[in-house]
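J.: So you can see what is in the structure, the chains are spelled out below.
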Amino acid sequence: GAVVSQHPSWVICKSGTSVKIECRSLDFQATTMFWYRQFPKQSLMLMATSNEGSKATYEQGVEKDKFLINHASLTLSTLTVTSAHPEDSSFYICSAPRQGRNYEQYFGPGTRLTVT
Amino acid sequence: KQEVTQIPAALSVPEGENLVLNCSFTDSAIYNLQWFRQDPGKGLTSLLLIQSSQREQTSGRLNASLDKSSGRSTLYIAASQPGDSATYLCAVYSGGGADGLTFGKGTHLIIQP
Numbered sequence: 001g002a003v004v005s006q007h008p009s010w011v012i013c014k015s016g017t018s019v020k021i022e023c024r025s026l027d028f029q030a031t032t033m034f035w036y037r038q039f040p041k042q043s044l045m046l047m048a049t050s051n052e053g054s055k056a057t058y059e060q061g062v063e064k065d066k067f068l069i070n071h072a073s074l075t076l077s078t079l080t081v082t083s084a085h086p087e088d089s090s091f092y093i094c095s096a097p098r099q100g101r102n103y104e105q106y107f108g109p110g111t112r113l114t115v116t
Numbered sequence: 001k002q003e004v005t006q007i008p009a010a011l012s013v014p015e016g017e018n019l020v021l022n023c024s025f026t027d028s029a030i031y032n033l034q035w036f037r038q039d040p041g042k043g044l045t046s047l048l049l050i051q052s053s054q055r056e057q058t059s060g061r062l063n064a065s066l067d068k069s070s071g072r073s074t075l076y077i078a079a080s081q082p083g084d085s086a087t088y089l090c091a092v093y094s095g096g097g098a099d100g101l102t103f104g105k106g107t108h109l110i111i112q113p
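Which chain is which? The protein sequence lines are P and Z, in order. Residue numbers for the first sequence follow our numbering, so the first one is 1 and each next one is one higher. Residue numbers for the second sequence follow our numbering, so the first one is 1 and each next one is one higher.
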């Protein structure tokens with residue numbers, strides 16, 4: 001099956017610093033990628049849609065200046081958490097749909113962010 | 001706005017039993033529905049995808065059905081094994097290309113050896 005990778009798999013940072021998370025589709029091109037956030041024992045909530053060559057679209061309540069998204073190429077999207085706070089600690093997961101496969105979504109392994 | 005509900009929230013059964021996980025969604029105008037498995041602290045593993053025009057999909061001991069008009073899907077697991085213990089998530093895709101998935105809160109499944 002299609003593979004989506006994320007890096008890093010986990011990161012600990014100090015409050016006020018910024019953290020960048022990468023999402024790559026390894027064997028297919030993705031003009032669109034999605035970023036989700038999952039708090040402990042909660043389900044996944046869509047944060048934003050990353051669009052190659054254009055601005056990301058954010059879900060209601062997600063601060064675009066705090067969660068910067070750059071879709072640099074057809075296989076790479078990055079999410080930067082700026083001025084991180086402890087409440088940003090969460091599990092961040094990206095996905096990429098494979099349009100030729102009934103738009104099936106392939107998910108990365110996730111990134112565990114802990115802000116101290 | 002699409003909402004997805006999964007019942008039960010948690011389930012614990014002895015090994016070998018057949019079981020059914022339920023998923024319902026409020027807007028029947030969906031493109032497809034996916035069932036995922038998530039192990040603690042891990043990402044998602046796609047189990048089955050059902051297109052809106054399909055009624056069921058099977059993979060090994062798993063069978064997923066879809067009744068689009070009533071907004072329901074079920075995941076049937078036959079002859080459950082301890083390795084099936086995980087959280088099972090149901091998610092719908094409403095189409096449009098730019099939309100992500102809407103997830104249910106999941107069913108936390110424990111298979112007792």
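Misleading hints may appear alongside valid ones.
What follows is a list of derived Cβ distance ranges for each label pair [stated by the list, open to error]: (1) P:55 to Z:17: 44 to 54 angstroms; (2) P:39 to Z:60: 30 to 40 angstroms; (3) P:102 to Z:22: 14 to 24 angstroms.
With a cut-off of at most 25 angstroms between alpha-carbon atoms, the simulated SDA-like pairs for lysine to any residue come out as follows [claimed, not checked]: (4) Z:42 to P:22; (5) Z:42 to P:80; (6) P:41 to Z:19.
Please keep in mind that the hints were generated in silico from the structure rather than gathered at the bench. Everything numeric in this text was worked out from a predicted model, so none of it was measured. Where a beta carbon is used, it is the ideal one built from N, C-alpha and C, also for glycine.
J.: Against this structure, judge whether each hint is valid.
T.: Structure-based check of all given hints:
Hint check: residue 55 of chain P to residue 17 of chain Z, Cβ distance near 50 angstroms, so the stated range 44 to 54 angstroms holds. About 32 angstroms separates the C-beta atoms of residue 39 of chain P and residue 60 of chain Z, a value consistent with the hinted range of 30 to 40 angstroms. Separation of residue 102 of chain P from residue 22 of chain Z is about 23 angstroms and conforms to the stated range, judged on CB atoms against 14 to 24 angstroms. With a C-alpha separation of about 17 angstroms, the suggested pairing of residue 42 of chain Z with residue 22 of chain P holds against the 25 angstroms cut-off.
Straight-line distance between C-alpha atoms of residue 42 of chain Z and residue 80 of chain P comes to about 21 angstroms, which keeps the hinted pair within the 25 angstroms bound. Using a Cα cut-off of 25 angstroms, the hinted pair residue 41 of chain P and residue 19 of chain Z holds, with the two alpha carbons roughly 22 angstroms apart.
Comparing the model with each numbered hint stated earlier shows that all of them hold.
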